[in-house]
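Q: Chains Y and R, in that order, are what the protein sequence lines are.
This note's numbering numbers the first residue of the first sequence as 1 and each following residue consecutively.
This note's numbering numbers the first residue of the second sequence as 127 and each following residue consecutively.
Since the hints were made in silico from the structure, they are not lab data.
Mixed in with the good hints there might be a few duds.
Said to hold, decoys possible - Partial pick of chain R residues on the chain Y-facing surface, computed with a CB cut under 8 Å:
#, residue
1, P187
2, L226
3, V300
4, A326
What the hints assert, rightly or not - In silico DSBU-like cross-links for lysine-lysine, where the CA-CA straight-line distance does not exceed 35 Å:
#, chain 1, residue 1, chain 2, residue 2
5, R, K185, R, K325
6, Y, K3, R, K325
7, R, K185, Y, K3
8, R, K325, R, K162
As the list claims (entries may be wrong) - These stretches of chain R come out as covered by chain Y in the derived footprint (C-beta under 8 Å, 3 or more residues):
#, region
9, 130-140
10, 168-182
11, 311-324
Keep in mind the model is a prediction, meaning the values are calculated, not measured.
By construction, the Cβ of each residue, glycine as well, lies at the ideal position given by its N, Cα and C atoms.
The primary structure of each chain is shown beneath.
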Amino acid sequence: MRKHASTLAILLAIVALFTVAMVLGTRQSTGDGETFIGTDSAATTHIEENHPGYTPWFQPIFEPSSGEVESGLFALQAALGAGALGFVLGTMRERRRQRRSAADDSSRPLSDPEPACDAAEPQSRG
Amino acid sequence: MHIAEGFLPPLHAAAWTAVAAPFVIHGTRAISRTIKEHPEATLLLGAAGAFTFVLSAIKLPSVTGSSSHPTGTGLGAVIFRPPVMAALGTIVLLFQALLLAHGGLTTLGANVFSMAVVGPWVGYAAFRLLGRAPFSVRIFAAMALANLATYVMTATQLALAFPGQNGFVGAWSVFLGIFAITQVPLAIIEGLVGVLIFKALRSWAGPELSALGVFSRRPDHAGTKVEEAIHA
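So that you can see chain R by itself, here it is in the shape it has in the complex (with noise of 0.2 Å):
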């Protein structure tokens, strides 16, 4: 889950702050973009931002005998690219901070890096890496390493403001051990949330998806899928 507040050093939390704010101010831009060239996806674009809502508030037990939650950035990103998630995952991030004292202020730079910045990405570059996979792998794959790369980078962050005397390594792995492991089984009931949910939004948004370039890596199926969608 995110960094508490008041946990980070104020250095490191204003570093984070300042790296995390030009892709939020860019998300802002990048959704106004989105609802103007595609007027029709207005509708998608909420259900993004309902589905991390909901994903972001359900806490889950894990293997490691702690709990943590699924992140839902990695729909988003699939759909509408990386950097509209920067923006939706922030408003997320901001309830949760004040409303329910998770996460922080003061940590929200870095919380933000991590589940609205890198997972979205991470999740999105494994849904293009992936082209020539069967669409259900790319959408598994994008949700669930949007999740778990969410949380490497909240482990990454921790160790580097506090390494300890094992220096950033050991730090890096015992925070690891705390976040990512928990995450793991969450990331692949993510991922399979994620299959199911886009199996409805295909079949009732096929063509706003096609227009939004989801399918457009394989050109020669786009055309199929969209047909299939729309007769499933």
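In isolation and in its complexed conformation, chain Y is listed as follows (with noise of 0.2 Å):
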């Protein structure tokens, strides 16, 4: 239960965060043009601004062609890695929970696919 509560703690905490940076921010940005545009944009327009003898000397090769098509690439990248993660996570349970009835069963020999565990196997039951 203990352990539950803190993730819970981080979890609100994260979520507040969130929320003061994004109040904070847009009482920051009530200047010209569009809120909360990345960083790496306000660099250049600075760049562009303070050096405007300075000419970018290469394009990208390919550039969405709107910002409705790069947040779906941005998605699409955010998937493929939600998706490994979750799939990552999810195998290392079922390991986990397969090793340790293999350790239960202590009548069966141990058929352990992964060798290279055993090193810390010890302690997997006590």
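Mind docking these for me? Both chains are given alone in their own frames, and the hints should help you get the complex.
A: This is how it looks when you write it as structure tokens:
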């Protein structure tokens, strides 16, 4: 229970931080144009304003044709990452469960598929 | 966020590429060595890569009124040591440069150096230096500082390229204002996310993590940590 309480507290802290940053940021950016532009655009704007002599000497080979397409591709990146992460976490959870039940069943000889883990195994039952 | 395509003068772009390249090559070798020595940790390697992939895709609003994204490189740096992240981070940056026009090919070297070299090393250093602190604190510091250090480096790179009338220091403070201040709340958020993900990893992959020596700074506690993790 304590474990879940701390997880919940951390999640709440993340949401709170996000909200505070967003509210403070909205106040901050009441100036001209878009709010919450990327820091990369902020930097390029600064360079263009202060170094008018500089022209970017290379253009992206492929550029998403609109903000919508771009955010879609970013979502794709996040989805690929989250999907892979979820798969890995699920697999590890299941692997641990099998390891445990294999250790529980002491009458049967261990058929551990990962002998490399054996060094750390003795503590898996106590 | 990363330095946009074409926004480093050719000389700087070439120099940063030359600086970053050995780290990436070394990192690629480190990955194959890790897989050879710890085949059971291949899944964790995937987790570390996937984690940077997700986090660097999520742009968050910040106190400065602009937005940026976390890096997620601290996790892999703590688990596998920083060289591995030089290679994994480069994959993420290439993906973004080619498909999202975010960052760029000419600035890839500079961006790799900040996100995939400096960030992971700073995070790892924090993790090691805080050897006596509670484990969650070490993870938090590693993740948050890897994130922050990345953008301090980005600001440094831009200040070197565009010193302006006020010289390097003046330009540096301007670029730090753009990048680093924006990054502070994001770094804290990333640190907290890191604590959560590590809780999950410890309870599901405790033996793998201890085989990789993640808990090894305190050998007297390492055993209990693993046991604790397994029973949690």
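Q: Tell me the hint numbers this structure goes against, listed in increasing order.
A: none
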